[in-house]
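Trainee: Going line by line, the protein sequences match chains P and X.
To convert, note that position 229 of the first sequence is 326 in our numbering; the numbers rise steadily by one, no gaps.
To convert, note that position 44 of the second sequence is 52 in our numbering; the numbers rise steadily by one, no gaps.
Because the hints were derived from the structure by calculation, they are not lab data.
Just so it is clear, the structure is predicted and the values come from calculations on it, not from any experiment.
Among the clues, some could well be false.
Partner residues aside, some chain P positions facing chain X, computed with beta carbon under 8 Å [said to hold, decoys possible]:
#  : residue
1  : 136
2  : 167
3  : 187
4  : 191
5  : 195
6  : 196
7  : 223
8  : 226
9  : 227
10 : 255
11 : 260
12 : 312
13 : 322
With a straight-line cut-off of 35 Å between C-alpha atoms, the simulated DSBU-like cross-links for lysine-lysine are [to be verified]:
#  : chain 1 : residue 1 : chain 2 : residue 2
14 : X       : 138       : P       : 321
15 : P       : 180       : X       : 310
16 : P       : 205       : P       : 180
Where is the CB? At the ideal position from N, CA and C, for every residue including glycine.
Now for the letters of each chain:
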Amino acid sequence: MDITRRRLLGLMPAAAVAWKYVLAGTPEASPNYRLTDHWWGMLMDITKCIGCGTCVRACAEENDVPDGYYRTWVERYHRDEWKIERPEVESPDGGKHGYLHEPAEGGKNFFVPKLCNHCAESPCTQVCPVGATFDAPDGVVLIDKKYCLGCRYCIQACPYGCRFLNPKTNTAEKCTLCYHRITKGLTTACCEVCPTGARQLADLKNPKDPIHEFLRTHSVQVLKPHMATGAKVFYNGMDGSVR
Amino acid sequence: MQIPVEGFMYPNEVELQWSILIVLYPFITGLVAGAFILASLERVFQVQAVKPTYRLALLTALAFLLVAPLPLQLHLGHPERSLEMYLTPHSSSAMAMFGFVYLWYLMAVLLLEIWLDYRRDIVVMSQKEKGWKRLVYRVLTLGSSNISARALHIDERLGYFITLIGIPSAFLLHGYVGFIFGSVKANPWWSSPLMPIVFVFSAMVSGIAAVMLIYMFSSRLRGREIDMRCLDTIARYLLYTFIIDFSLEMLDLLQRIYEADESFRSLDFMVHTRLWTSQVIIQILLGTVTPIALIALNQFVKLADVARKRIYGLAGCLTLMGIFAMRWNVVIGGQLFSKSFLGYTTYKMDFATREGLLPALILMILPFVILWVLVKLLPPWLESSPAPAISAAPARGIN
């Protein structure tokens, strides 16, 4: 196409606007990503988690998570043989540096990685006074930082303790399932670095996703099912003491 | 700053999200609703004995209502975006809808009722006063200077109608605050269908106690004799509402103890440790049982006026302290335990920070400053009201 001087002049304002967005660091577009083709969740295999904390570190680095706050974390459980209702749990620094000290003796010890459950009926979305927290059509619960008031009602409403107020932005924050990655066909940072494959990103709308076979053949649970939030992070091998 | 933690908290739970400012918010809105309901006793339920406090109660409600959004505003991470709650509200959010309940109550109920009630006085003063005061009163007339008997009769009827709407609105205002907490299913300390009802009755208790104290204090300041019939009646209503409020709270407590669900062990531990002073000592013993016993004593024993005044003064102060402690225990207490029910955190109150004690104290003093201005501008005292221009407003019934 020939570009005349007149046409070039006409394009300049649009180019200026586009350049402004480039300078503002607008994320790369994902032209081939169709929101309605996906329904994201995650599979956590507790039998595989070794509590190394690599996922926590990768998440913090990938998403610039401030120190002392966690988009994902790993808990270590210890329960005596029959004391299912009173487990001993720890998560020093969110398990970021792994668990170097020995667990308590006797009973059962295991690790539980956690993150936002991207609930289909999310209480955080329900209570947000301005709709800054919203359910994307692909099943990911997101926060519009430019709209969030910082009232922290969503943090109170989350039964899983997944949210926090980012002290840098003064807005609510939590796991986005690395939305900037999954919309480009990549997996999340935490899943990518997990050395044992204990975390698996799952597209519940994709019939070819191995999650379907896994869910059919294993006994999986979600956290706090009595909360009826439609959690989409599924746990394999989860003990009844986990909360 | 290291926050002391006992047991296990989810890592993001250690820091409390709602501070003393959010304690103030239900405390202040409760005073508003309670003061209005006391005012409506005279207007709608024809309790003539409380007439000396009618206008004072309305002005008190307005002074506190004007301050009510400020703690929230200070608390927000982005206060400059707060108007978005009105412009683009999220209809499923209890907090968003509260904005409209607040506006309805302020604009459609309280301001309108006060204006209608004072309109005759405002018109008279706009003619009598000089200088800037005259200008203020002229503005307050809103261009309506008709104080004929017919116009005043319309004011009276309209005011009565607004009070009728105002009573459920006052219930809605504070019941809704209760709903903001009671609807959070993630938090068993808050999640209860009784929460809005308990909030309504505790609001009535605090509002009645506040107006009673303000009436006693202002009478002393003005060197006027306190109307003991009025004071006895207010104290009696305080006792009735307090008994209902306390019964509801005990009902909630008994239900929790008997059910003893998964959260009970954790909440019970919290009440016996971190909340022992604020809940058992201050809220229940000092702030509820003692004032109830003090006022109840007056119902059975005939005491001299001076003794009664002292008892009412003490009971009123203890009541306000108890209701503040109740708000504290709801808001702060609800964040001290982990949603895993395996641990407890600590609330460290700052002093001179945005959400510290200092702004909270300023916000508690501010309504009294506003009330002082309102009282100067619109004197609520019956004896200082100007004589009616033409004829008195239609007489209301007698108790």
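Trainee: Now, for every hint given, state plainly whether the structure supports it.
Mentor: So, going through the hints one by one against the coordinates:
At a threshold of 8 Å, the smallest CB-CB gap from residue 136(P) to chain X is about 21 Å, leaving the interface hint violated. Interface restraint check: residue 167(P) against chain X, minimum CB-CB distance 5 Å, threshold 8 Å, status holds. Satisfaction of the interface hint for residue 187(P) is found here, the shortest Cβ-Cβ separation to chain X being roughly 6 Å, below the 8 Å cut-off. The closest approach between the C-beta of residue 191(P) and any C-beta of chain X is roughly 4 Å, which is under the 8 Å cut-off, so the hint is satisfied.
Of the supplied interface hints, the one on residue 195(P) is violated, with its beta-carbon coming no nearer than about 15 Å to a beta-carbon of chain X, more than 8 Å. A distance limit of 8 Å between C-beta atoms decides the matter here; for residue 196(P) the minimum to chain X is near 14 Å, and the interface restraint is violated. Because the closest C-beta pair between residue 223(P) and chain X is about 5 Å apart, less than 8 Å, the hint holds. For residue 226(P), the suggested interface contact is upheld, since its CB lies about 4 Å from the closest CB of chain X, less than 8 Å.
Given the 8 Å rule on beta carbons, the hint for residue 227(P) holds: about 5 Å separates it from the nearest Cβ of chain X. At its closest, the beta carbon of residue 255(P) sits 6 Å from a beta carbon of chain X; the interface hint therefore holds under the 8 Å criterion. At its closest, the beta carbon of residue 260(P) sits 7 Å from a beta carbon of chain X; the interface hint therefore holds under the 8 Å criterion. This hint is violated: residue 312(P) has a C-beta 26 Å from the nearest C-beta of chain X, more than the 8 Å allowed.
Interface hint status for residue 322(P): violated, as the beta-carbon distance to the closest one in chain X is roughly 13 Å, over 8 Å. This hinted pair does not check out: residue 138(X) and residue 321(P) have alpha carbons roughly 69 Å apart, beyond 35 Å. For the hint pairing residue 180(P) with residue 310(X), the CA-to-CA distance comes to about 60 Å; that exceeds 35 Å, so the pair is violated. Proposed proximity of residue 205(P) and residue 180(P) is supported: the alpha carbons are some 10 Å apart, at most 35 Å.
In terms of the numbered hints stated before, the structure departs from hints 1, 5, 6, 12, 13, 14, 15, listed from lowest to highest.
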